[in-house]
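Given chain A, work out where chain B should sit, using these hints.
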Amino acid sequence: MDQVLMSINATNDFVVKFANVNGSGSASANELFAKCILRMGVPVSPRNIFPSNIQGLPTWYEVRVSEVGWLGRRGGYDLMVAMNPQTWDADVAGIAPGGYLFYDSSKPLPKAKFRDDVTTLGVPLTDIANQNWDDPRQRQLFKNVMYLGALSALMGIERDVIVQLIGEQYKRKPALLEPNLHALDLGRAYAEQHFGPIGLRVERRDAVGKRIFVDGNSAAALGLVYGGATVCAWYPITPSSSLAEAFEKYCAKLRVDPETGKHRYAIVQAEDEIASIGIVTGAGWNGARAFTTTSGPGISLMNEFIGLAYFAEIPVTVVDVQRGGPSTGMPTRTQQSDVLFCAHASHGDTNHVLLFPEDPHECFEFAAAALDLADRLQTPVFLLSDLDIGMNQRLCEPFAWDEARQYDRGKVLTAEQLEAGAAFGRYRDVDGDGIPYRTYPGTHPTRGSFFTRGTSKNADAKYSEKGEDYVQNMQRLQRKLETAKALLPQPVLHRAAKPAKHGVLYFGSTAPAMNEAIAKLDADGMPIDALRVRGYPFADSVLAFIDQHQQVLVVEQNRDAQLRALLIEQFEIDPARLVPILHYDGTPITARFIVRAIGERVHAAEGARLRDDKVA
Amino acid sequence: MPPKAPDCVTTRWHEMTYLPKPRLHHPSLQRNAAGFIRRDYEGAVSTLCAGCGHDSISAAIIQACWELDIEPHRVAKISGIGCSSKTPTYFLSASHGFNAVHGRMPSVLTGANLANRELLYLGVSGDGDSASIGIGQFVHSIRRGVDMVYIVENNGVYGLTKGQFSATADQGSKSKKGAINTDAPVDMVGMALQLGASFVASSFSGDKAQLVPLLKAAMTHKGAAFLDVISPCVTFNNHEGSTKSYDYVREHNHALCRMDFISSHAEITVDYAPGEVREVHQHDGSVLRLRKLPEGHDSGDRVGAMNYLHACQARGEIVTGLLYVDPDAADLHAHLDTTPVAFNTLGEGELCPGAATLEAINADLR
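Order-wise, the sequence lines are chains A and B. The first sequence maps to residues 1 to 616 in the numbering used here. The second sequence maps to residues 1001 to 1366 in the numbering used here.
Any given hint might turn out to be false.
With a straight-line cut-off of 25 Å between C-alpha atoms, the simulated DSS-like cross-links for lysine-lysine are [said to hold, decoys possible]:
hint	chain 1	residue 1	chain 2	residue 2
1	B	1222	A	262
2	A	466	B	1162
3	A	249	A	35
4	A	249	A	173
5	A	520	A	498
6	B	1162	B	1177
Anything over 12 Å on all C-beta distances counts as not near chain B; from chain A, calculated [stated by the list, open to error]:
hint	residue
7	55
8	166
9	189
10	199
11	431
12	432
The set of hints was computed from the structure by calculation and includes no laboratory data. Yeah, the Cβ is synthetic: ideal placement off N, Cα and C, and Gly gets one too.
Okay, chain A solo, but in the shape it has when bound (with noise of 0.2 Å):
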């Protein structure tokens, strides 16, 4: 081993990239070797980095292991697994100085495609796994576990806790557990006999606790087995197509009649996003609880649909699981930049219902909480997630549930109610909230009747191009979204620990820089009170928040700000008053980013106050 000076010497506290390709069996790996440091009570936070491919292109995999529990993307690496020649330049190039470059070693390579400032640990994976398998696809898939086990002895991963989980995840082929283990052993002795432990290090920690590590799209969909959607209608597409597959695999376990092994759920994969929307129309107006799951082009085709939900007033949930857009953008990367679109989603007049899930605990309560907004309010309601919460495992809050908890299927009238005389009008608003009463199709033989149309109508349904009819209805669309504020989910507060003069508002994928960049920002001795927001339209906490600070800074992912813009239109506030802070080129915000951002405003802003105090 070549000894380097200088280097990296961190214990829980560092990245590792691993770059594989596409369709080598390198994820299954990679995965363990994240939930090994977890299992060892490290918090660590993994994010795959994927070109837009199926097979035989460059693929990346980034875990950071932060034991104070950072679980934001931290940028850069320490230590680069390269396992692909096509992109080892630039790999290579990536690593921090003073970090370690991990490689098969069976090919030699040039000396200048090292580096003098990086340890180099080859481990000649190709000539081990030929040595000791035959079948080339199993020379290839124990070739990873082979790394894992090097990449275990280097750092100081707990051999017993690899064992267990390979045991976990081959419980049902257990013949396959003993040439893994092989595997893994080959590549743990060889590391042993080659090189001394490294500097980065894992060691045992208690500092996960009862968090659970689970994509965002697994949760939403648990979150809508849980709220009681019935039926899914969807149409593939990167990054939501995952949710979709999981809401099949968790209603195969948890929604079969156990006497009759029917099913209570129905999934259409339908033929493109507009059927999928229809269905969802279909349903929701029917009273199954409904929802379809997307990413920006699906929207983009949904918005005829969207708009008559919302004029003829029925549920529909919608999850978008963001990516870089316009048009195919950059599908297999993140973004939050649907925001304004979904507010405003259809041709005329419309405001939609947003919610805005930080991490997968939140995707799973939003989500269920969708379908009672959709209900209580009988409007679309989109849940925004993005590829960064959707498509990535993340260490979370478990899931909850409260048993007592019923589902709010909002106002609908009954047959005994209209058979007891209830008046009924269907846009009549009765209680003063915006929101009328419904009947669902088939309840009653004479009454409660009514047909449901994307023309203007009176308040009984009716056909009707008077303008006072349209207008009364349309103000009171508007009334509805104004009573939605007090139902969603309130903002989330994270105050300085000393007065700050300084605001900060972010929302969704962000939270986890932001998180970290807090912290940062407060030992810097720059102190900035954060507030997250959840919902759309905005809570006038929001309001005040902005109006108890100097300046307050936006957050987002995006390039148009669309955040500050959904801000500016709602409270009717001067644009100066919110400073955008954008990051938008497809990968997750860090709080790096963050920090260095807000500082420069911050002085900006302290400068100018300062050439202005001199000049009064």
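Structure of chain B alone, referenced to chain A:
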């Protein structure tokens, strides 16, 4: 008395395209087995042009539902956008109706059907709705075998936008303004056969004797029933040179056979010699009796029906009647193996797996 309906779709009253009917029931009016009078199956006064074929179809739907003793509120009427899609307002006023998005009736109907499998779903559409903008939804709802009656009121023309050709207009046919259609027509009946519809029929709005039994058969059919009804547009497509005019259709109509619909309660009497009739027994116990069957056509043979249809079309004939029926077809609910209970009646007890299960899921995620 309300004013008379306008004679053209160009509404004179800008604020009303629907008219209420006076509610006067004579006590001696006959009630059907479900306890309803015929009037209970009617809707608002039509605002379509006088003589519009669509109104005859609405009348046939009213007749069929009345004769089948269907409870009106157990029907859901779903349509898209267009003249035909306006018609659900003109029948079954006690049913919920949904006038959805142009060309998207099939998806809305599919969702509604999934939510409550117990209702009868009438999907009303037109040729613009189903052969142009919504052809994809037509195709896929048929493929899935949604349990529905899918009626296309086919006039070969866009009425509400005043006379443009639709995709079912025949090549060489002439518009009211004199333009010749150069595009080949979409053959929805042929497509429905190819796509696996388990009931495929064609009819003519001017032939009530044929249309009513076909509607009744379609309404009692379990599965995707497709019914293409040629329905002349008196305002924009009833002239010399049109192939969807009353005169042209009457001259070229090739009625396959006469079909009697015999409900499950009726006594089945045989008054035809064996060989002259073919009986199709449906799931609800009703019987479709086909008589005067032509040479070379068998309503149980999908490939044969396609061949027969194409052979007639090649001769310039418009085939009407029941082309194909599979009385044992499985519908979307059967494909998805769903519970027989309507989804919209399920509550927390049936749908929510509960806190203990969630704890076990949490444990698996650590």
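For each hint given before, does the structure comply? Return the numbers of the non-compliant ones in rising order.
Of the numbered hints, all hold.
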